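Undergrad: Now for the letters of each chain:
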Amino acid sequence: AQSVSQHNHHVILSEAASLELGCNYSYGGTVNLFWYVQYPGQHLQLLLKYFSGDPLVKGIKGFEAEFIKSKFSFNLRKPSVQWSDTAEYFCAVFFNQAGTALIFGKGTTLSVSS
Amino acid sequence: SQTIHQWPATLVQPVGSPLSLECTVEGTSNPNLYWYRQAAGRGLQLLFYSVGIGQISSEVPQNLSASRPQDRQFILSSKKLLLSDSGFYLCAWSVGRADGYTFGSGTRLTVV
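These protein sequences, in sequence, are chains P and X. In this text, residue positions in the first sequence follow the working numbering: the first is 34, and each later residue adds one. In this text, residue positions in the second sequence follow the working numbering: the first is 8, and each later residue adds one.
A couple of the hints might just be wrong.
What the hints assert, rightly or not - Taking lysine to any residue and the SDA-like style, the derived pairs with C-alpha atoms no more than 25 Å apart in a straight line are:
id, chain 1, residue 1, chain 2, residue 2
1, P, Lys139, X, Ile60
2, P, Lys82, X, Thr10
3, P, Lys82, P, Lys139
Claimed, not checked - Here are some chain P residues the structure puts well away from chain X; computed CB gaps all over 12 Å:
id, residue
4, His42
5, Gly86
6, Lys102
The hints are simulated quantities; they were obtained by calculation from the structure and are not laboratory data. What you are looking at is a predicted structure, and each value in this text was computed from that prediction instead of being measured. We put the CB at the ideal spot given by N, CA and C, even for glycine.
Make a model of the complete structure from these sequences and hints.
TA: Structure below.
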């Protein structure tokens with residue numbers, strides 16, 4: 034069965050620290066990849082997405098993600114986090130060959146202290 | 008521009024009572040519609056999706072059902088709620104199933 038794994042349940046960082054959140058998916062042919070963010074009390078919002086082309090994708094608010102096909106990974110990065118990045122982050126995958134809808138990881142809670 | 012409305016925002020219902028959560032999308036035609044349930048530490052679980060009026064696909068067998076009586080309306084229902092139905096329910100829409108989804112603000116359901 035198709036699945037999406039996020040390795041870190043809760044990450045705690047100080048402001049200006051670098052961030053990397055892991056996301057791996059099960060093998061399933063070609064995929065469309067997404068990162069969503071949910072700020073406290075707000076809707077889920079799309080951070081960035083990858084369909085094809087350059088495997089390094091840039092999103093909003095200084096976030097980027099790299100698709101490594103050989104590792105079935107799509108890790109989210111930010112060079113320097115801010116207190117306002119405190120949120121829950123979800124990786125999501127659409128498996129093109131047999132997909133019905135986006136499959137989400139369990140999420141990573143990021144807490145940034147000022 | 009497209010908007011998605013979901014209501015109510017919160018709901019407290021007794022065990023055994025019926026449920027109806029409504030989701031509507033404005034500003035687009037023939038959207039793909041989805042119901043997810045979000046639980047702490049468990050991510051988002053796909054419950055139902057619909058590619059058109061009257062077309063409903065269920066991903067997880069459970070005490071819930073969905074209907075799409077109009078192009079931009081998606082309803083999540085239950086005849087008799089269970090305690091385990093408590094959770095945060097999210098509606099979403101997309102142009103294509105492989106595209107990014109836009110989520111509603113969610114309904115916090117507590118079954119007591």
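Undergrad: Now, for every hint given, state plainly whether the structure supports it.
TA: Here is what the structure says about each hint:
1. Using a Cα cut-off of 25 Å, the hinted pair Lys139 (chain P) and Ile60 (chain X) is violated, with the two alpha carbons roughly 30 Å apart.
2. Taking the CA atoms of Lys82 (chain P) and Thr10 (chain X), the gap is near 20 Å; set against the 25 Å cutoff, the hint holds.
3. Distance check on the hinted pair: Lys82 (chain P) and Lys139 (chain P) sit about 18 Å apart at the alpha-carbon level, within 25 Å; holds.
4. Residue-level check failed: His42 (chain P) sits 7 Å from the nearest beta carbon of chain X, not beyond 12 Å.
5. No beta-carbon of chain X is positioned within 12 Å of the beta-carbon of Gly86 (chain P); the least distance is around 15 Å.
6. Every CB of chain X lies more than 12 Å from the CB of Lys102 (chain P), the least distance being 17 Å, so the non-interface label holds.
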